[in-house]
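Student: So you can see what is in the structure, the chains are spelled out below.
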Amino acid sequence: MNAFAGTGRLILLVLRRDRVLLLLWVGFTCLVPVVFVAAFTGAYPTAEARQDYYETSVHTRAFTVAYGVLNGSGLGELVAWRSGFVTFMVGLFALLTVVRHTRAEEEAGRRELIGATAVSRHAGLAAPLIVTCGAGLVLGAASALALIGQGLPAAGSLALGLGFSLSVCVFGAIGAVTAQLTTGAGAARGIGVTVLGAALLLRGAGDVAAQSGSGPAWLSWLTPLGWAEALRPYSGERWEVLALAAVAVIALSALAVALSARRDLGNGLFQARLGRAGAAPGLRSPLALAWRLHRGPLVSRTVGLAVVGFVVGAMSQSLGNLMDNGGAAAREALARLGGPGTLVEQFQAPMMTMLGLVCAGFAIQAALLLRNEERDGRAEPLLATPVNRLRWAAGHFGFALLGPALGVLAFGASAGVAHGLNTGDVARELPRLLTAALVQLPVVWLFTGIAFALFGLRPRLVAGTFAVAMVSMLFGWVGGELRLDRWVINLSVFEHVPKLPGGDLTATPLLIMTAVAAALTAAGLVGFGRRDLPVP
Amino acid sequence: MTGTDAITTAGLLKSFGPARALNGLDLVVGTGEVHGFLGPNGAGKSTTIRILLGLMRPDSGTARLLGGDPWAQTAELHRRLAYVPGDVTLWPNLSGGEAIDLLGRLRGGLDRRRRDELIERFDLDPRRKGRTYSKGNRQKVALVAALASDAELLILDEPTSGLDPLMEEVFRRTIREVRRGGDRTVLLSSHILSEVEALCDRVTIIRDGRTVESGSMAELRHLSRTSIDAELAGPPDGLAGLPGVHGLRADGGRVRFSVDAAALDEALRRLSTAGVRSLVSRPPTLEELFLRHYDRAHATEAAR
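Protein sequence lines correspond, in order, to chains A and B. Under my numbering, the first residue of the first sequence is numbered 1, with each subsequent residue one higher. Under my numbering, the first residue of the second sequence is numbered 537, with each subsequent residue one higher.
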């Protein structure tokens with residue numbers, strides 16, 4: 001039996017398990033650049049308008065950090081630049097897909113089941129990697145075709161599409177390596193996401209240096225995200241970068257295979273540490289257990305949001321100075337991104353909307369943790385003790401409610417302090433940005449409510465809350481780019497949050513959202529009190 | 537339904553969508569007995585137990601547990617019982633010892649000395665994290681947590697699945713001790729017949745969500761047949777025609793058959809007439825009882 005026997009069958013298994021998910025993210029992502037073509041031709045129909053937009057954007061560091069280096073004012077260059085975040089997004093998808101089909105499978109014991117059949121040692125690693133890279137190539141081809149269909153040059157379109165493919169393949173291979181390191185899938189994901197985050201930071205720093213013409217521009221070359229950019233779509237394509245990516249994918253895959261060959265099933269390169277022989281005195285209630293399960297993600301998310309908040313606060317003022325010299329087009333560009341107010345506020349307000357979305361994600365994850373306790377069978381022995389099932393669920397609900405609240409506070413406070421230190425008026429900025437962050441809470445809790453309502457009434461669908469949040473966000477975001485009718489944009493709950501700082505603080509939508517969240521939660525808990533347990 | 541029964545269910549019906557899990561299930565477990573709850577996979581054992589634990593509600597029928605309503609009086613009844621699920625999963629980042637202590641404390645405290653003794657007896661390393669345990673070790677964690685309690689009712693759902701034969705013997709020894717104590721009731725669900733046979737006072741056999749047989753081990757054996765394997769000096773005259781003798785196979789001087797309890801005496805007489813050189817008789821096992829009840833299902837399966 002050769003080292004990869006059975007890979008074909010496992011590929012079919014991965015495709016069967018992921019058919020919907022793969023279609024969704026590949027299908028959705030290849031539409032992103034097309035949306036930007038429509039947006040730019042609509043908003044900046046003439047070459048002069050695009051030149052204006054180019055000149056202001058190229059000096060905006062926040063843009064450079066978010067999207068990358070802007071090479072010119074052509075439609076293709078603008079589209080490729082605005083699609084810069086896609087490489088990050090698909091890299092994340094690829095990483096999570098590979099970890100889910102390797103380490104997560106192994107942790108759940110299904111790898112053992114497969115491994116005992118006529119399937120070779122490396123097939124379980126090769127199959128998800130091949131599927132992910134295949135999906136990346138399909139995504140690249142589809143994106144290129146869609147852009148060519150919009151009348152953009154074929155070479156540039158292909159380079160942009162292959163940039164997406166490159167990120168998928170490299171981060172898929174990185175996922176394969178991280179999956180060999182730890183015994184838990186969660187830790188493997190953590191390492192992978194850290195690598196991805198570091199890549200984003202390095203690329204951001206390198207690109208700012210490249211765009212301003214001084215500093216360590218080579219930093220971008222350390223990251224796959226930088227390589228995708230270095231293909232220079234629509235701007236004198238450099239195809240040789242693809243060879244670099246191919247070498248990286250092959251080297252990382254070989255490393256993953258070598259690591260996998262050196263370890264036993266279920267083990268990682270990092271051995272699991274031993275725990276306590278007995279429980280600490282405090283571990284004696286469902287709430288104490290919930291704290292134990294939630295505290296890791298809670299602490300890391302809160303710290304992460306505080307750091308990001310500090311960066312956002314620190315860069316606000318310099319951004320405002322740049323924009324003031326920018327001109328009308330820049331103001332217009334920013335006006336579409338945010339609400340009314342000064343330029344600094346127009347940067348901060350959409351950041352707060354993003355904060356709302358991110359914290360909604362945290363809330364949903366906290367609710368999902370409760371659902372997974374039930375699905376994986378850990379709730380059953382717990383609820384065979386005198387623990388009341390509502391008390392058990394309420395403990396987790398508390399974390400889904402207060403965890404994101406803590407994150408919002410951390411973000412608002414550190415952004416306020418950082419911005420206040422820049423302007424020299426912490427007493428003014430801290431309460432303003434704290435308020436701007438706190439008004440996001442009702443919308444965050446709305447998603448907590450949706451997740452709990454589903455948990456009580458349709459427990460298999462709890463994870464679907466993520467989809468509701470994403471679609472809701474996209475209505476507002478893509479709707480604005482496409483200049484859709486107001487009522488379509490209003491379908492997004494995020495659009496009803498006051499645009500702070502700068503906009504009016506209206507209490508009505510906040511009260512309505514909080515009330516709806518409370519009603520949804522109540523419905524969920526009543527449903528949970530009456531339903532059968534466990535629902536697989 | 538008397539006050540002395542720990543568990544009574546009558547006519548339990550439960551459907552999950554189109555699939556019917558329980559189809560009129562009756563179960564009576566007397567206080568102080570070790571009761572075997574026997575059935576093949578998917579017969580409805582776990583669903584019954586979940587109804588008894590108040591985790592699920594039956595579509596119709598009644599269930600009483602320790603004199604109370606399992607759905608309405610969940611917390612107070614759970615104070616008096618301990619449960620081992622059929623498929624134990626643990627918290628990946630909690631050690632086995634932590635899980636044992638947590639479950640014990642939630643139940644209202646556990647006997648420290650007994651806990652340590654059981655950990656020793658089951659040869660369990662309590663410091664390892666949940667995600668690193670094998671299936672058998674996870675099972676041990678749940679068993680130690682349940683057995684270290686002084687609950688008056690133990691509900692064990694296929695508790696030995698995943699245990700090696702050595703640990704299975706440890707489990708049996710522990711249950712026998714519980715049985716000798718006489719004040720605790722055990723509901724032991726299983727599809728391992730020898731286990732039920734070795735441990736239980738009474739047994740209920742279910743199939744397709746319905747009770748097919750219930751009684752003490754002695755009563756059920758009475759319904760079964762003894763297997764005989766003998767080497768004879770001469771031909772076994774008249775054995776084939778004897779009512780109550782089944783499946784007679786003669787091979788040279790060797791005969792094998794099974795015989796109803798009523799015909800056993802007469803069959804042995806015929807054998808000794810022919811001259812017995814060696815004889816092996818096996819008491820009726822639950823295996824045979826079981827096979828008789830599932831014969832039809834097996835036959836239809838084989839025909840497919």
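FYI, nobody ran anything at the bench for these hints, they're computed from the structure. Be careful, since some hints might not be right.
Claimed, not checked - Just so you have them, the derived chain A footprint on chain B, three or more residues with Cβ under 8 angstroms: (1) 743-755; (2) 785-792.
What the hints assert, rightly or not - Which chain A residues stay away from chain B? Per the calculated CB distances, all over 10 angstroms, these: (3) L113; (4) T183; (5) V195; (6) V257; (7) A279; (8) R292; (9) E380; (10) A384; (11) T385; (12) V387; (13) L421; (14) L438.
Each residue gets a CB set at the ideal place from its N, CA and C atoms; glycine is no exception.
Student: Can we confirm that no CB of chain B comes within 10 angstroms of the CB of A/V257?
Tutor: holds (24 angstroms)
Student: Regarding the assertion that A/V387 does not contact chain B, is the least Cβ-Cβ distance greater than 10 angstroms?
Tutor: Contrary to the label, A/V387 does not stay out of reach of chain B, its closest Cβ about 5 angstroms off (not over 10 angstroms).
Student: If I take the minimum Cβ distance from A/A279 to any residue of chain B, is it greater than 10 angstroms?
Tutor: It is violated; A/A279 is separated from chain B by about 4 angstroms at its closest Cβ, not greater than 10 angstroms.
Student: Evaluate the condition: distance from the CB of A/T183 to the nearest CB of chain B exceeds 10 angstroms.
Tutor: Given a closest Cβ separation of 6 angstroms, the condition is violated.
Student: Could you check that no beta carbon of chain B comes within 10 angstroms of the beta carbon of A/R292?
Tutor: violated (7 angstroms)
Student: Verify the coverage statement for the segment 743-755 of chain B against chain A, using a C-beta to C-beta distance below 8 angstroms and requiring 3 or more qualifying residues.
Tutor: violated (count 0)
Student: Over 10 angstroms to the closest beta carbon of chain B is the bar; see if A/L438 clears it.
Tutor: holds (32 angstroms)
Student: Examine each Cβ of chain B, and state whether all of them lie more than 10 angstroms from the Cβ of A/T385.
Tutor: Violated: least Cβ distance 4 angstroms, not greater than 10 angstroms.
Student: So A/L113 supposedly isn't at the interface. Is its beta-carbon more than 10 angstroms from every beta-carbon in chain B?
Tutor: Non-interface label stands for A/L113: nearest chain B Cβ at 12 angstroms, farther than 10 angstroms.
Student: Are there three or more residues in the segment 785-792 of chain B whose C-beta lies within less than 8 angstroms of some C-beta in chain A?
Tutor: That given contact is violated, which follows from only 0 residues of the segment 785-792 of chain B lying within Cβ reach (below 8 angstroms) of chain A.
Student: Against chain B, does A/E380 hold up as non-interface, every C-beta pair farther apart than 10 angstroms?
Tutor: Given that some Cβ of chain B is not farther than 10 angstroms from that of A/E380, nearest at about 5 angstroms, it is violated.
Student: Taking C-beta pairs only, is A/A384 more than 10 angstroms away from all of chain B?
Tutor: violated (4 angstroms)
The structure fails hints 1, 2, 4, 7, 8, 9, 10, 11, 12 (numbered hints given earlier, in ascending order).
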